[in-house]
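Sequences listed follow chains A and B, in order.
If you're matching positions, the first sequence starts at 1 in UniProt numbering and goes up one per residue.
If you're matching positions, the second sequence starts at 1 in UniProt numbering and goes up one per residue.
Mixed in with the good hints there might be a few duds.
Said to hold, decoys possible - Quick look at which bits of chain A chain B covers, simulated, 3 or more residues with Cβ under 8 Å: (1) 188-202; (2) 311-317.
Claimed, not checked - Between beta-carbon pairs, the in silico distance windows are: (3) A:404 x B:307: 46 to 54 Å; (4) A:420 x B:183: 31 to 39 Å; (5) A:131 x B:307: 29 to 37 Å; (6) B:307 x A:144: 22 to 30 Å; (7) A:167 x B:307: 39 to 47 Å; (8) B:404 x A:155: 55 to 63 Å.
The set of hints was computed from the structure by calculation and includes no laboratory data.
No experiment lies behind these values; they were computed from the predicted model shown.
Where is the CB? At the ideal position from N, CA and C, for every residue including glycine.
There are 2 protein chains.
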Amino acid sequence: MLGSTEEMVSFCFHRSRSLLDFKRLSFSRIHSFHPYTPLPSPPRLPFISPNRFTSSSPHLSMARSWNSPTPNGQINRNFSPAGAPEDRKSRVAVVGSGNWGSVAAKLIAHNALRLNSFHDEVRMWVLEEVLPTGEKLSEVINRTNENVKYLPGIKLGKNVIADPDLDHAVREANMLVFVTPHQFVEGICRRLVGKIRKDASAISLIKGMEVKKEDGPRIISTLITERLGVNCCVLMGANIANEIAIEMFSEATIGYRENKEIAHKWVQLFNAPYFMVSVVQDVEGVELCGTLKNVVALAAGFVDGLELGNNTKAAIMRIGLKEMNAFSKLLFPSVKDSTFFESCGVADVITTCLGGRNRKCAEAFARDGGKRSLDELEAEMLQGQKLQGVSTAKEVYEVLRYRGWLESFPLFSTVHEICTGRLPPSAIVEHVGRTPKIFPGGRL
Amino acid sequence: MLGSTEEMVSFCFHRSRSLLDFKRLSFSRIHSFHPYTPLPSPPRLPFISPNRFTSSSPHLSMARSWNSPTPNGQINRNFSPAGAPEDRKSRVAVVGSGNWGSVAAKLIAHNALRLNSFHDEVRMWVLEEVLPTGEKLSEVINRTNENVKYLPGIKLGKNVIADPDLDHAVREANMLVFVTPHQFVEGICRRLVGKIRKDASAISLIKGMEVKKEDGPRIISTLITERLGVNCCVLMGANIANEIAIEMFSEATIGYRENKEIAHKWVQLFNAPYFMVSVVQDVEGVELCGTLKNVVALAAGFVDGLELGNNTKAAIMRIGLKEMNAFSKLLFPSVKDSTFFESCGVADVITTCLGGRNRKCAEAFARDGGKRSLDELEAEMLQGQKLQGVSTAKEVYEVLRYRGWLESFPLFSTVHEICTGRLPPSAIVEHVGRTPKIFPGGRL
Numbered sequence: 001m002l003g004s005t006e007e008m009v010s011f012c013f014h015r016s017r018s019l020l021d022f023k024r025l026s027f028s029r030i031h032s033f034h035p036y037t038p039l040p041s042p043p044r045l046p047f048i049s050p051n052r053f054t055s056s057s058p059h060l061s062m063a064r065s066w067n068s069p070t071p072n073g074q075i076n077r078n079f080s081p082a083g084a085p086e087d088r089k090s091r092v093a094v095v096g097s098g099n100w101g102s103v104a105a106k107l108i109a110h111n112a113l114r115l116n117s118f119h120d121e122v123r124m125w126v127l128e129e130v131l132p133t134g135e136k137l138s139e140v141i142n143r144t145n146e147n148v149k150y151l152p153g154i155k156l157g158k159n160v161i162a163d164p165d166l167d168h169a170v171r172e173a174n175m176l177v178f179v180t181p182h183q184f185v186e187g188i189c190r191r192l193v194g195k196i197r198k199d200a201s202a203i204s205l206i207k208g209m210e211v212k213k214e215d216g217p218r219i220i221s222t223l224i225t226e227r228l229g230v231n232c233c234v235l236m237g238a239n240i241a242n243e244i245a246i247e248m249f250s251e252a253t254i255g256y257r258e259n260k261e262i263a264h265k266w267v268q269l270f271n272a273p274y275f276m277v278s279v280v281q282d283v284e285g286v287e288l289c290g291t292l293k294n295v296v297a298l299a300a301g302f303v304d305g306l307e308l309g310n311n312t313k314a315a316i317m318r319i320g321l322k323e324m325n326a327f328s329k330l331l332f333p334s335v336k337d338s339t340f341f342e343s344c345g346v347a348d349v350i351t352t353c354l355g356g357r358n359r360k361c362a363e364a365f366a367r368d369g370g371k372r373s374l375d376e377l378e379a380e381m382l383q384g385q386k387l388q389g390v391s392t393a394k395e396v397y398e399v400l401r402y403r404g405w406l407e408s409f410p411l412f413s414t415v416h417e418i419c420t421g422r423l424p425p426s427a428i429v430e431h432v433g434r435t436p437k438i439f440p441g442g443r444l
Numbered sequence: 001m002l003g004s005t006e007e008m009v010s011f012c013f014h015r016s017r018s019l020l021d022f023k024r025l026s027f028s029r030i031h032s033f034h035p036y037t038p039l040p041s042p043p044r045l046p047f048i049s050p051n052r053f054t055s056s057s058p059h060l061s062m063a064r065s066w067n068s069p070t071p072n073g074q075i076n077r078n079f080s081p082a083g084a085p086e087d088r089k090s091r092v093a094v095v096g097s098g099n100w101g102s103v104a105a106k107l108i109a110h111n112a113l114r115l116n117s118f119h120d121e122v123r124m125w126v127l128e129e130v131l132p133t134g135e136k137l138s139e140v141i142n143r144t145n146e147n148v149k150y151l152p153g154i155k156l157g158k159n160v161i162a163d164p165d166l167d168h169a170v171r172e173a174n175m176l177v178f179v180t181p182h183q184f185v186e187g188i189c190r191r192l193v194g195k196i197r198k199d200a201s202a203i204s205l206i207k208g209m210e211v212k213k214e215d216g217p218r219i220i221s222t223l224i225t226e227r228l229g230v231n232c233c234v235l236m237g238a239n240i241a242n243e244i245a246i247e248m249f250s251e252a253t254i255g256y257r258e259n260k261e262i263a264h265k266w267v268q269l270f271n272a273p274y275f276m277v278s279v280v281q282d283v284e285g286v287e288l289c290g291t292l293k294n295v296v297a298l299a300a301g302f303v304d305g306l307e308l309g310n311n312t313k314a315a316i317m318r319i320g321l322k323e324m325n326a327f328s329k330l331l332f333p334s335v336k337d338s339t340f341f342e343s344c345g346v347a348d349v350i351t352t353c354l355g356g357r358n359r360k361c362a363e364a365f366a367r368d369g370g371k372r373s374l375d376e377l378e379a380e381m382l383q384g385q386k387l388q389g390v391s392t393a394k395e396v397y398e399v400l401r402y403r404g405w406l407e408s409f410p411l412f413s414t415v416h417e418i419c420t421g422r423l424p425p426s427a428i429v430e431h432v433g434r435t436p437k438i439f440p441g442g443r444l
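All chains, please: the whole structure from these sequences, using the hints.
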């Protein structure tokens, strides 16, 4: 089935005062969300009841723990499908504490507290800084339970412990969540060599890649695996952090390589009634979706700036999605088409091409006819944040040029050429189905 | 390859004054568009030159005719790959003359004039009406070369002949383009029985379907085939008519059943430098995309009206696309996943969920908390046009209920229940992953 999700998390969650009363971490808004029921696999299965997950699904066990108040109405926090004794409980550390890292910590903290197979405490490594008040960021987080700098106004959960000491933060953890800017990963991994538990696993929420012309891109999950010798999953999706922070409904996709069991543990940690996580066995596909979609967002921004209308924008987004797929599959033959129908694929392309800073700056660039550089607009509009799409487009272009694939990826290559000023923004439409520029007779 | 297009039209088109000078129907704006080059099929083919279509492709033959000025710089309009003598030329009639029908006539008229395998004249059946000036619409179209009522300001091409007599309009045609409101098709077909050429073929641009609970939906192309005994292709895509009318870049998908040759003739008739047409052997998939996307647009409109943000909207659009796919495949097992990556699939969902009247009215409905009915809003906002999504949602719901599939299609069924007022607009998110409403303990 198209975009079939290998596993759908089947939380059942409802408005129960007793549930609310006894939650130590209450959601600020409780919805009666029931996540997306797996569709039947046509045509052989005309109908599969959404109840088909009975006892075999680990997710339904979780659902039971959400929905199983004890006779006196309290949540039975000792209930655990795995019946994990204390020494077998998993311990989580979040490596990073920016905007998305803080939201991730909030999601994880709630689940760690709720599920008996995890230690309550979630360590969050904070790159220490002194706030204008003179206080240290980590101390304020631990006092107020808020990341006042990167996610103000949102309670993270009292079991989130900000820790400015990286080694200390990860020492006891066997589940490491990497969520830093991508240029810091290599350095952090070097610092962590020999410092982490032997049984540790990782997940990367980082969007970006390292490109070497000869080798193609090295995705972040591979970098983490190589440096630390750990299994590394990825989590990507249509995930604007601030919207998830206030618990607006969203989805995400976890990609794993081989170990399905650990992928399910990550699902348990991230899933929430307002954050529906699915898993697919396609780590490269999921991670490249998260990375490449920023290039498509620049293209969509150019279309917006040129006021070319919705047909054109939809066409450009579709062609972008297609190039994302083709590029990913050329580099990693194991990448699956169905991954592009998950949240990390089509949904993330949509979110990023509707909002997002890449789209926004590209729009301003095209509106201005390309007269002011993207660097200038970036500095003016993003207060120091960088446009990931611009560097990704450059990296992709290098790979395409090195391998002789430029002509087959007109959108990716044109985006880079527009960013560098070699082509005008209007080229995004004119070159989208590029043919050789020199026609018989030599006309352009 | 994901969303692979079986055939890509490889027009080469460039800014050549000589070309412009000798075009009898000049485009109002000429772009140097070069349509999307087919991507290599990874991983076995690391690179395929976009020039791989050499002599075998009928499209490249067309490309040659676009780009083959005679030595004195004139276009050789007598060049024809098929070398069609006069009696073998195809003759086109457009059945319908609304907004989209007029744009279709414009596209077709330009190509019919340009390509030697078609008769220049394109008949367009006009349901006659008297304009406020007292003139007949068909006469004004023939005098001004514009459909002043449904597509004012756009020259259709002097070779478009408006004909108020349906029988007469189709009499000599062997290529029939159906582009009327879907409720008129049955009646029109009845009138045409025995009146059309024996060798006629049809294409439907009509979005909609007929649903009988027991039999499931009967798509329009099947209805035309059954009534008239003709081959019937379909053309769908991210096609806001007014944007194509002013030649903003867009794409479309032609679906065919078996006859690839006739599909290519339709491509020749519709394709333009600003309107890139691909073909897939999946008539049901293409047609159901065009129909079902209106239900998803209502869902997207509810999300907009509730101001739930881009993550949520992207998630709802993705789930909608997935239900479109699953529903289509349940009814027609031959439907291909890759069709949903064509313009008729993901791109049309995007266009329709960004703009479009279904989205717009659904937004107003949700913003108002569902207090005013969709019928009321429709009457107020659409000046007599009907919301196709509302009736399609009802038809889909009937099929789902009859077959016991309601629980597996939470988005489709919830849209209908919101439209009828049985559920509030907020249910679009709350029920998106519906589970049985009655939990142990009887709580809702």
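Does the beta carbon distance between residue 404 (chain A) and residue 307 (chain B) stay inside 46 to 54 Å, or does it fall outside? Holds: the Cβ-Cβ distance is about 48 Å, inside 46 to 54 Å.
Range agreement (Cβ of residue 183 (chain B) with Cβ of residue 420 (chain A), hint 31 to 39 Å): The hinted range 31 to 39 Å is violated for residue 420 (chain A) and residue 183 (chain B), with Cβ atoms some 53 Å apart.
Status of the given 55 to 63 Å range, CB of residue 155 (chain A) versus CB of residue 404 (chain B): The hinted range 55 to 63 Å is violated for residue 404 (chain B) and residue 155 (chain A), with Cβ atoms some 44 Å apart.
Establish whether the coverage given for the segment 311-317 of chain A by chain B is satisfied; the threshold is a Cβ-Cβ distance below 8 Å, and no fewer than three residues must meet it. With 6 residues close enough to chain B, the hint holds.
CB of residue 167 (chain A) to CB of residue 307 (chain B), is that within 39 to 47 Å? The hint (39 to 47 Å, Cβ to Cβ) holds, given that residue 167 (chain A) and residue 307 (chain B) are roughly 44 Å apart.
With a cut-off of 8 Å between beta carbons, are at least three residues of the segment 188-202 of chain A near chain B? It is violated, with 0 qualifying residues against the three required.
For the hint 22 to 30 Å, verify it against the beta carbon of residue 307 (chain B) and that of residue 144 (chain A). For residue 307 (chain B) and residue 144 (chain A) the Cβ distance comes to about 28 Å; the hint holds.
Verdict for residue 131 (chain A), residue 307 (chain B) (Cβ pair) under range 29 to 37 Å: Holds - the Cβ-Cβ distance for residue 131 (chain A) and residue 307 (chain B), about 32 Å, lies within 29 to 37 Å.
Hints 1, 4 and 8 from the earlier list are contradicted by this structure; the remaining hints agree with it.
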